[in-house]
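Colleague: Letter by letter, the chains look like this.
There are 2 protein chains.
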Amino acid sequence: MFHISDAKNFVGEEVEIRGWLYNKRSKGKILFYIIRDGTGYIQAVAVKGEAPDKAFEMYDQLGLESSIIVKGIVREEPRAPGGYELTLTDIKPVHKSVDYPITKKEHGTAFLMEHRHLWLRSKKQRAILRIRSFVEKKIVDFFYENGFVRIDTPILTATAAEGTTNLFATEYFNLGKAYLAQTGQLYLEAAIFAHGLVYNFGPTFRAEKSKTRRHLMEFWMIEAEEAFYDNDDNIALQEKFISYLIQNVLENCGDDLKILERDTSLLEKVVPPFPKITYDEAIEILSRKNFKIRWGEDFGGDDETAISESFEKPVFVMNYPRDIKAFYMKEHSERPELVKCADLIAPEGYGEIIGGSQREEDYDKLLKNMKDFGLSEDDYGWYLDLRKYGSVPHSGFGMGLERFVAWVCGIPHVREAIPFPRMLYRIYP
Amino acid sequence: MFHISDAKNFVGEEVEIRGWLYNKRSKGKILFYIIRDGTGYIQAVAVKGEAPDKAFEMYDQLGLESSIIVKGIVREEPRAPGGYELTLTDIKPVHKSVDYPITKKEHGTAFLMEHRHLWLRSKKQRAILRIRSFVEKKIVDFFYENGFVRIDTPILTATAAEGTTNLFATEYFNLGKAYLAQTGQLYLEAAIFAHGLVYNFGPTFRAEKSKTRRHLMEFWMIEAEEAFYDNDDNIALQEKFISYLIQNVLENCGDDLKILERDTSLLEKVVPPFPKITYDEAIEILSRKNFKIRWGEDFGGDDETAISESFEKPVFVMNYPRDIKAFYMKEHSERPELVKCADLIAPEGYGEIIGGSQREEDYDKLLKNMKDFGLSEDDYGWYLDLRKYGSVPHSGFGMGLERFVAWVCGIPHVREAIPFPRMLYRIYP
Numbered sequence: 001m002f003h004i005s006d007a008k009n010f011v012g013e014e015v016e017i018r019g020w021l022y023n024k025r026s027k028g029k030i031l032f033y034i035i036r037d038g039t040g041y042i043q044a045v046a047v048k049g050e051a052p053d054k055a056f057e058m059y060d061q062l063g064l065e066s067s068i069i070v071k072g073i074v075r076e077e078p079r080a081p082g083g084y085e086l087t088l089t090d091i092k093p094v095h096k097s098v099d100y101p102i103t104k105k106e107h108g109t110a111f112l113m114e115h116r117h118l119w120l121r122s123k124k125q126r127a128i129l130r131i132r133s134f135v136e137k138k139i140v141d142f143f144y145e146n147g148f149v150r151i152d153t154p155i156l157t158a159t160a161a162e163g164t165t166n167l168f169a170t171e172y173f174n175l176g177k178a179y180l181a182q183t184g185q186l187y188l189e190a191a192i193f194a195h196g197l198v199y200n201f202g203p204t205f206r207a208e209k210s211k212t213r214r215h216l217m218e219f220w221m222i223e224a225e226e227a228f229y230d231n232d233d234n235i236a237l238q239e240k241f242i243s244y245l246i247q248n249v250l251e252n253c254g255d256d257l258k259i260l261e262r263d264t265s266l267l268e269k270v271v272p273p274f275p276k277i278t279y280d281e282a283i284e285i286l287s288r289k290n291f292k293i294r295w296g297e298d299f300g301g302d303d304e305t306a307i308s309e310s311f312e313k314p315v316f317v318m319n320y321p322r323d324i325k326a327f328y329m330k331e332h333s334e335r336p337e338l339v340k341c342a343d344l345i346a347p348e349g350y351g352e353i354i355g356g357s358q359r360e361e362d363y364d365k366l367l368k369n370m371k372d373f374g375l376s377e378d379d380y381g382w383y384l385d386l387r388k389y390g391s392v393p394h395s396g397f398g399m400g401l402e403r404f405v406a407w408v409c410g411i412p413h414v415r416e417a418i419p420f421p422r423m424l425y426r427i428y429p
Numbered sequence: 001m002f003h004i005s006d007a008k009n010f011v012g013e014e015v016e017i018r019g020w021l022y023n024k025r026s027k028g029k030i031l032f033y034i035i036r037d038g039t040g041y042i043q044a045v046a047v048k049g050e051a052p053d054k055a056f057e058m059y060d061q062l063g064l065e066s067s068i069i070v071k072g073i074v075r076e077e078p079r080a081p082g083g084y085e086l087t088l089t090d091i092k093p094v095h096k097s098v099d100y101p102i103t104k105k106e107h108g109t110a111f112l113m114e115h116r117h118l119w120l121r122s123k124k125q126r127a128i129l130r131i132r133s134f135v136e137k138k139i140v141d142f143f144y145e146n147g148f149v150r151i152d153t154p155i156l157t158a159t160a161a162e163g164t165t166n167l168f169a170t171e172y173f174n175l176g177k178a179y180l181a182q183t184g185q186l187y188l189e190a191a192i193f194a195h196g197l198v199y200n201f202g203p204t205f206r207a208e209k210s211k212t213r214r215h216l217m218e219f220w221m222i223e224a225e226e227a228f229y230d231n232d233d234n235i236a237l238q239e240k241f242i243s244y245l246i247q248n249v250l251e252n253c254g255d256d257l258k259i260l261e262r263d264t265s266l267l268e269k270v271v272p273p274f275p276k277i278t279y280d281e282a283i284e285i286l287s288r289k290n291f292k293i294r295w296g297e298d299f300g301g302d303d304e305t306a307i308s309e310s311f312e313k314p315v316f317v318m319n320y321p322r323d324i325k326a327f328y329m330k331e332h333s334e335r336p337e338l339v340k341c342a343d344l345i346a347p348e349g350y351g352e353i354i355g356g357s358q359r360e361e362d363y364d365k366l367l368k369n370m371k372d373f374g375l376s377e378d379d380y381g382w383y384l385d386l387r388k389y390g391s392v393p394h395s396g397f398g399m400g401l402e403r404f405v406a407w408v409c410g411i412p413h414v415r416e417a418i419p420f421p422r423m424l425y426r427i428y429p
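Quick note, the sequences are listed as chains A and B, same order. Take the first sequence: its letter number 83 is residue 83 in this note's numbering, and every next letter is one higher. Take the second sequence: its letter number 406 is residue 406 in this note's numbering, and every next letter is one higher.
Rather than coming from a laboratory, the hints here were simulated on the basis of the structure. Just to be clear, a hint being listed does not mean it is correct.
Since copy identity is lost for identical chains, a pair holds within one copy or between any two.
Each computed DSBU-like pair below joins lysine-lysine, with the alpha-carbon atoms no more than 30 Å apart [claimed, not checked]:
| # | residue 1 | residue 2 |
| --- | --- | --- |
| 1 | K177 | K96 |
| 2 | K138 | K8 |
| 3 | K368 | K96 |
| 4 | K240 | K138 |
| 5 | K104 | K388 |
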């Protein structure tokens with residue numbers, strides 16, 4: 001089957017395209033049908049007297065988004081968006097579409113979200129999800145090339161690493177409640193003892209009543225866990241990972257970035273090393289900007305945006321107070337009130353895209369942390385086992401896919417960075 | 001950092017390995033430490049008088065699965081499993097492991113499952129999950145190379161494509177119940193109108209009270225959906241897909257298949273074309289084997305095994321009765337009691353690994369099917385829209401990852417083909 005993206009190999013030949021009518025216009029004796037298949041867009045031109053009469057009879061019958069089979073001869077046409085055009089020789093409807101709901105006029109977000117199943121077809125949404133798909137491919141490539149083994153961690157879990165208040169729960173037969181995992185990290189930690197370097201990649205759930213442009217109830221996360229890595233090794237890996245993804249997107253997704261009118265000069269700067277500041281320094285930056293945050297408090301979205309404004313590249317914020325971070329993070333050797341961690345904040349106000357840390361490898365310290373955080377020893381017996389039998393220094397991180405994609409695409413809200421977003425007031429379609 | 005899998009590039013050099021003590025033995029004046037890192041196994045040999053005394057003092061202190069840092073000089077050794085050995089020059093414990101629970105004696109499955117977090121380290125489990133990880137990488141490659149766009153379909157859904165009885169449910173804020181998706185197919189169908197060829201790859205949930213060796217409550221599925229493909233195109237794609245995965249595993253996972261003692265001659269036969277029989281013919285095969293199944297009934301696990309015994313390759317069973325298949329399947333043009341579908345049954349009794357079909361593209365027929373199957377028109381308004389605006393012939397399929405991996409690895413139960421299996425009586429660890 002011929003695909004529009006292959007047009008350059010068929011100049012002068014007649015091809016058949018199976019796709020949809022994306023747009024049409026007429027200008028005197030000439031008709032223009034813009035056709036879309038999965039791979040791209042092409043304009044088919046019909047001149048009165050040269051093209052079959054059918055092409056003209058069809059014009060009014062074919063509503064936008066009708067499915068059609070079009071034949072035509074491929075021509076080079078420098079003025080056309082893709083560089084090629086079709087001299088139309090035949091057009092045949094597969095299914096006529098009448099009154100397609102999404103029109104050229106401005107629609108509100110609620111309307112578009114309600115029609116997400118159709119909105120996906122629009123040029124911009126298509127470009128975003130093509131970039132997402134490419135990013136996902138390169139995520140898998142990166143970890144494969146760097147010797148990581150993929151470990152799919154469970155979604156249904158009996159306990160919760162970061163508390164159960166923000167978790168979706170379901171009945172699990174006779175075993176009581178199960179929770180939808182917010183992270184697979186603890187399970188990845190078990191797997192490093194078998195495979196050294198491991199990662200996961202799957203959906204994650206957070207039943208949080210937040211309605212910001214950076215939150216989804218269901219989002220995709222990539223987590224990596226690395227045996228014998230300290231916090232610095234972990235950070236170096238993240239720099240390499242983020243740069244690899246960005247540079248690959250720049251090389252391969254130029255057309256889609258153009259559709260999104262993304263300023264790629266900002267992305268080109270994303271090469272190692274990234275700036276690194278401490279939590280203390282971040283608090284100072286915010287104080288200088290007259291933010292009211294006090295030492296010991298966690299950053300909100302506005303804080304992250306303000307921090308990112310001081311840097312052109314993503315910035316690591318290191319060594320947070322232990323009280324606002326998870327129980328499994330390793331104590332800072334010189335300042336026990338801190339932990340050896342780093343969050344990566346994207347530029348341009350896209351917020352935290354990675355959270356990572358070195359993990360506490362000492363059995364007694366971990367157990368004490370768990371008690372301090374109110375976690376039950378029984379529930380985490382298996383996790384404590386990992387510190388009993390050949391414990392090693394290790395680190396890991398987790399990246400939120402939608403935030404990353406939103407940043408790359410330069411779109412203001414994560415809801416467009418996932419095919420069917422799940423938000424506080426939306427679970428349809 | 002040096003990795004055991006790189007040994008061949010370091011012959012004659014001193015290297016440092018960070019890993020775990022997999023096994024040890026002593027024979028007169030010689031000690032053998034078998035060390036494992038994430039990438040492989042290697043034996044370090046210490047000869048009394050040549051190796052440091054420390055190596056001998058350590059021997060009794062180091063329990064199996066202790067984490068250690070070992071230095072040694074790499075030597076070629078044709079008798080060693082990987083072809084290389086280490087002349088030990090230093091050994092240093094990182095963390096001493098005492099009384100590691102999994103020993104050389106036979107453990108029951110319940111015990112091993114209860115210790116899944118540790119069992120992962122064993123040689124066979126490690127091999128299985130390495131193969132799984134490789135298969136996952138090649139799945140992503142296959143779809144990328146064939147022009148498919150990845151579309152992550154939602155897990156939390158307001159309705160259920162195949163009935164709600166076997167679904168896990170959770171409260172979704174003020175929007176009522178949400179169900180964990182059993183399939184993302186309907187959502188993929190929406191995406192073909194934007195991208196032509198699409199696939200998803202993620203966890204799937206089935207709250208079914210079954211306890212067979214082929215069932216998990218949480219398993220991973222790959223689904224593909226293809227615009228303008230009929231059932232035959234769909235089958236050809238599946239043949240290509242399965243053969244691609246199998247041949248890539250044979251080329252790249254030889255060591256792991258050897259650990260699993262897999263008879264690879266059976267896998268080598270998996271090249272297109274695969275045999276194709278109809279449902280009617282499958283019923284005949286079973287009748288000849290004195291199975292009591294009657295026309296119109298669905299196959300159980302034993303039926304599938306019996307069918308597979310007649311073939312060396314995976315076999316497609318086509319055109320099932322409509323009453324035992326899903327509402328979205330396209331009617332057979334000559335026999336309206338059948339649908340245009342095919343299930344792919346793996347050889348050697350590994351059961352159904354793929355279910356696929358052409359989809360009903362006609363609005364009126366689809367609506368009638370939905371009513372016949374007792375589905376509400378309101379719940380599926382968005383899905384019906386896809387037949388309103390430029391409907392096209394299309395097909396798709398779904399493959400269960402764990403069944404595929406179990407087949408490739410030659411293991412009897414799917415529970416070992418996933419890192420942390422979720423079964424009727426198991427959600428821990």
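Colleague: Next, verify each hint and record whether it holds.
Modeller: Against the structure, the hints:
1. With identical chains, the CA atoms of K177 and K96 are never at most 30 Å apart, being 49 Å at best within one copy and 36 Å at best between copies.
2. With identical chains, the CA atoms of K138 and K8 are at most 30 Å apart both within one copy (26 Å) and between copies (29 Å).
3. Taking the shortest alpha-carbon separations for K368 and K96, only the inter-copy value of 20 Å comes in at or below 30 Å, while the best intra-copy value is 67 Å.
4. In this assembly of identical chains, the alpha carbons of K240 and K138 lie at most 30 Å apart whether taken from the same copy (13 Å) or from different copies (23 Å).
5. Taking the closest pair of Cα atoms, K104 and K388 come within 30 Å of each other only across two copies (19 Å); inside a single copy the shortest separation is 63 Å, beyond that limit.
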